[in-house]
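Visitor: The chain contents come next:
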Amino acid sequence: MNDHSQYAEMLALYAIDALNAEERPELETHLRSCAECQSELAALRGDTALLALSAAGPAPPRGARQRLIAAIGPRQAGVFANQTRKSSAGQRVILGVLRPGWLRLAPVAVALFLAVFSLLLWRSNSRLTSRQEKMQAQVEQLSKELNEAQQIAALLKSPDTVRMTLVSTHTQPQPQVKTMYGPKMGRLLMVANNLNPLPSDKVYELWLLPATGGPPMPCGTFRPDASGNAMMHHPLSAAGIEASGFAITVEPEGGSQAPTSEIMMSSAG
Amino acid sequence: MRSSGTQMPNHNDEAALVERIRSGDETAMADMYDRYSGIVYGVALRVLGNTTAAEDVLQEVFLQLWRNPNAFDANRGKLPAWLAVIARNRAIDHLRKRPPEDDIEDLHISTGVNLEGEAAQRLALSKIRNVLAQLPQEQRRALEMAFFEGMTHTEIATKCGEPLGTIKTRIRTGLLVLRKAFA
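Protein chains in written order, with the working numbering: chain P, 1039 to 1307; chain Z, 40 to 222.
Bound-form chain P, shown alone (with noise of 0.2 Å):
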């Protein structure tokens, strides 16, 4: 090592694998060309194989052995298994390293437990499409619905709208007024025709006559527009009392509790 002095500790380092990454070149490329140094290193990794040694004694896991029998493959698994002493009764998976022999059933049950999970996910979403059908059939008739009863509503409140009521061509027009009253909803609509005009310290009140024969209930005041017209509609407090009528009388700006005139117009009942 004389003429190799100048590498000797490189090649303690480089077998200890103690040697920086960029001092490395050179020093393979001196070996590749000295057996020399070849033979220096192989007895430098010889001493580093007595520092491992140092540390050998620990016995490996009892199922270790069994691992590897598993790992090498069943036509050895006899074998090794007949020397085994004790084996393990749990078996650690290490992927990459280990295969026990159950893993290699693993794709099939993999590609089973899919295949079923795809039936039951087709299932389920034929019975969703299903649902979900009969809910947009659901939602086109309410939307239906729901247009039509929007275009009557606004032809009702439009100013625009021409309200005419037809009656004997020998008869003057008289007041007339419609109610339409959903007990359950606590909803009223009423329209009115040919209403005579009023003072303007009063207003026409529109009553809920309860088909139990209490007093007259309140529904609102209203006034009619210079052609004689109005509308209401709005929910009641009245909500699900069953009416036997509607009646109308004139009561002063702001309403009344119960009536203070005279019924002047009334349903038939």
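Heads up, some of the hints might be wrong.
Unchecked claim - Simulated coverage check for chain P against chain Z, where a stretch passes if three residues somewhere in it have a Cβ under 8 Å from a Cβ of chain Z:
no., segment
1, 1050-1056
2, 1096-1110
3, 1159-1172
4, 1260-1268
What the hints assert, rightly or not - Over the 10 Å line for every Cβ pair with chain P, so calculated as not near, a few chain Z residues:
no., residue
5, 53
6, 81
7, 110
8, 153
9, 202
Everything labelled a hint here was simulated from the structure, so no lab data went into it. Each residue gets a CB set at the ideal place from its N, CA and C atoms; glycine is no exception.
Please build the complex by placing chain Z on the supplied structure of chain P, with the hints as guidance.
Guide: Just chain Z now, with coordinates in the frame of chain P:
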């Protein structure tokens, strides 16, 4: 050297043992494991400090030898010494989270230490530990940091706060002391 009181295999000759593995003799692998698993596992455990990771290395080394028994050339070194160095290298790979090698290295390892048989190995191991125990602590520490912790001499010098030349000398002379003890 074995992990427990297994019977010594009948095939003490390493070359013959590897030849049996080459020919697909399953019992040779069993013999190999019983004879050398304590070395491979012990080295891996020393490097990694974790039994699970150490067993991974143990399995990896033996499986690679089973798949490619030609990686070991009996003319280029003794099997236990070769396995110990291979185990160390694999363990360092795990420590650094490097992808595992596809194959094991063909390392030329030369040592005059008699490692044939359980009794010889026990004797050698006792002597190795004794020699290491007599090294100056900083020298033993430099060897351990390089070999079992995978540090470069620059990293060791930085960690120890010592000149690079000092670390290089400690490592080389430490290895030579080991060699001399078995000369």
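Visitor: Each hint needs a verdict: does it hold in this structure or not?
Guide: Here is how each hint holds up against the structure:
no. : hint      : verdict
1   : 1050-1056 : holds (count 6)
2   : 1096-1110 : holds (count 10)
3   : 1159-1172 : violated (count 0)
4   : 1260-1268 : violated (count 0)
5   : 53        : holds (14 Å)
6   : 81        : violated (4 Å)
7   : 110       : holds (15 Å)
8   : 153       : holds (12 Å)
9   : 202       : holds (13 Å)
Of the numbered hints given earlier, the model fails hints 3, 4, 6; all others are met.
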